[in-house]
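Please take these sequences and the hints and turn them into a complete structure.
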Amino acid sequence: MSEKEWPLWEVFIRSKQGLDHRHAGSLHAVDAKQAVQMARDVYTRRMEGVSIWVVPSDAITASDPDDKAELFDPMADKVYRHPTFYKLPKEVEHM
Amino acid sequence: MYTQAMDIPGGPKAVAAATPEEAARNSAFDARIAADLKIEPRDVMPEAYRKTLVRQISQHAHSEVVGMLPEGNWITRAPSLKRKAILLAKVQDEGGHGLYLYAAAETLGTSRDQMVDALLAGRAKYSSIFNYPTLTWADMGAIGWLVDGAAIMNQIPLCRCSYGPYARAMIRICKEESFHQRQGFDIMLSLCKGTAAQKEMAQDALNRWWWPVVQMFGPPDKDSVHSGQSAAWGIKRISNDDLRQKFIDATVPQAELLGITIPDPGLKWNEERGHYDYGAIDWDEFWRVVNGDGPCNRERLATRIEAHAEGAWVREAATAYAEKAAARELAGKRAA
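Residue numbers (the working numbering), protein chains in the order written: chain A, 1 to 95; chain B, 1001 to 1336.
Any given hint could turn out to be false.
Stated by the list, open to error - Below, in silico cross-link-like pairs of lysine-lysine (DSS-like), each with a Cα-Cα straight-line distance of 27 Å or less: (1) B:LYS1038 <-> A:LYS78; (2) A:LYS4 <-> B:LYS1051; (3) B:LYS1175 <-> A:LYS16; (4) B:LYS1246 <-> B:LYS1175; (5) B:LYS1268 <-> B:LYS1199; (6) B:LYS1175 <-> B:LYS1084; (7) A:LYS90 <-> A:LYS78; (8) A:LYS68 <-> B:LYS1038; (9) B:LYS1222 <-> B:LYS1268; (10) A:LYS33 <-> B:LYS1324; (11) B:LYS1222 <-> B:LYS1246; (12) B:LYS1222 <-> B:LYS1082; (13) A:LYS4 <-> B:LYS1324; (14) B:LYS1175 <-> B:LYS1038; (15) B:LYS1333 <-> A:LYS33; (16) B:LYS1051 <-> B:LYS1222; (17) B:LYS1193 <-> B:LYS1268; (18) A:LYS16 <-> A:LYS4; (19) A:LYS33 <-> A:LYS4; (20) B:LYS1051 <-> B:LYS1038; (21) B:LYS1051 <-> A:LYS68.
The set of hints was computed from the structure by calculation and includes no laboratory data.
As the structure is a computational prediction, the values presented were derived from the model and not from experiment.
Below, the structure written as structure tokens:
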């Protein structure tokens, strides 16, 4: 292939006003403007969105899967961070 | 199915780990598969698993893209504006499905351009079904009803595939595919309720598409070379023969409702099995089409090559425009 490959973009869609943008997928486009246009055609053909973000894929820094234990396991034994850890007297109905 | 060429010899094979380190990594992968957990792009995976998925997902993507051609043939000749709008939307969906799938395959370290190159060079496979011609409008009905119906049967278990990006793409595709099948059945229903000539056209389409569709599920389980490995890896959840049976069982009553006859004299309800028995499938025809000698193999590939070549100037112009706009923006920033 002699042609230059179009860069990859990650697409995030807000499905409805008031909700977060969520990752929908990726696509190739020459620039951000074209990426938005293409995202509209590829990912919102059935009213899946009201807003689109596109981010160059190589601009994303991700955690290393090999660091998973180191990063996330320390949270496993901190159940006291959840409200269900605390037993309330019956008299307290809502807290 | 769309990836039936996965069942032909020559695919990657799982090999024993070469080092203790690799063995440890493989066993972490095996444990995850055994627990039915998903594998994500940057997780460790055996090379054969990665290669199998690249092959399967790219074949699937190519099938979606080549699959636009038989139906594209009828867009300008759809019998009404409503049917034309529906057909356009369906063909656009197929293009979108191809894009989701190329993107899913790219997470495995290949690129879309490489995959497209492989297709255009004739090195990659796509489903045998798209190598049959669409001769009448009724073929649009038969394709939606039968081809997409068969595709859904195959794709629903793929939504649970062990590879995350493939499974997620399949969920999106399955949601959209169900419109495809219904619009096809709707065309068949209209034709079958119409004049005698229209009903005959529907019957003719069923006659021509039935056997190629039944073959879509791929060779019988006993001849399916990679099925065992794919099943162990959580890529293939249901066997070719089981899916084929499921499809036939679901389709027979639909044909009865339409009042047209499935062209298989061996088709008979088997009380004991609780399934329909069906006649012998012409596997020679299947292999002929898979290996490049179907009615439209050459035409389909030539059309794809032509479309790609004719689009080259658009891709080049878009790249040049983006570079110019970026340079202009940079100059503006420097001046400021």
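ask   = Quick one, are A:LYS4 and B:LYS1324 close enough, alpha carbons at most 27 Å?
value = Distance ~15 Å between A:LYS4 and B:LYS1324 Cα, so the pair holds.
task = Compare the distance between the alpha carbons of A:LYS33 and A:LYS4 with 27 Å, and conclude whether the hinted pair is satisfied.
result = Distance ~18 Å between A:LYS33 and A:LYS4 Cα, so the pair holds.
inquiry  = Against the 27 Å threshold, does the CA-CA distance of B:LYS1051 and A:LYS68 hold or violate the hint?
reply    = holds, 25 Å
ask   = Between B:LYS1222 and B:LYS1268, is the straight-line Cα distance small enough, at 27 Å or below?
value = Holds: B:LYS1222 and B:LYS1268 sit about 23 Å apart, inside 27 Å.
key: B:LYS1222 paired with B:LYS1082 [C-alpha distance capped at 27 Å]   = Measuring from Cα to Cα gives roughly 45 Å; hence the hint is violated.
key: Distance restraint between A:LYS33 and B:LYS1324, which requires alpha-carbon spacing of 27 Å or less   = With a Cα-Cα distance of about 14 Å, the restraint between A:LYS33 and B:LYS1324 holds, given a limit of 27 Å.
query = Is A:LYS90 close enough to A:LYS78, meaning Cα to Cα at most 27 Å?
reply = holds, 25 Å
task = Given the hint that B:LYS1038 pairs with A:LYS78, test it: the Cα-Cα distance must not exceed 27 Å.
result = Satisfied, since the Cα-Cα distance of roughly 26 Å is no more than 27 Å.
message = Hint check: B:LYS1246 vs B:LYS1175, CA-CA at most 27 Å. Holds or violated?
response = holds, 20 Å
key: Distance restraint between B:LYS1268 and B:LYS1199, which requires alpha-carbon spacing of 27 Å or less   = holds, 23 Å
Straight-line alpha-carbon gap B:LYS1051 to B:LYS1222, limit 27 Å = holds, 23 Å
message = Check the hint pairing A:LYS68 with B:LYS1038 against an upper bound of 27 Å on the C-alpha distance.
response = holds, 15 Å
Hints 12, 18, counting from the list given before, are not met by this structure.
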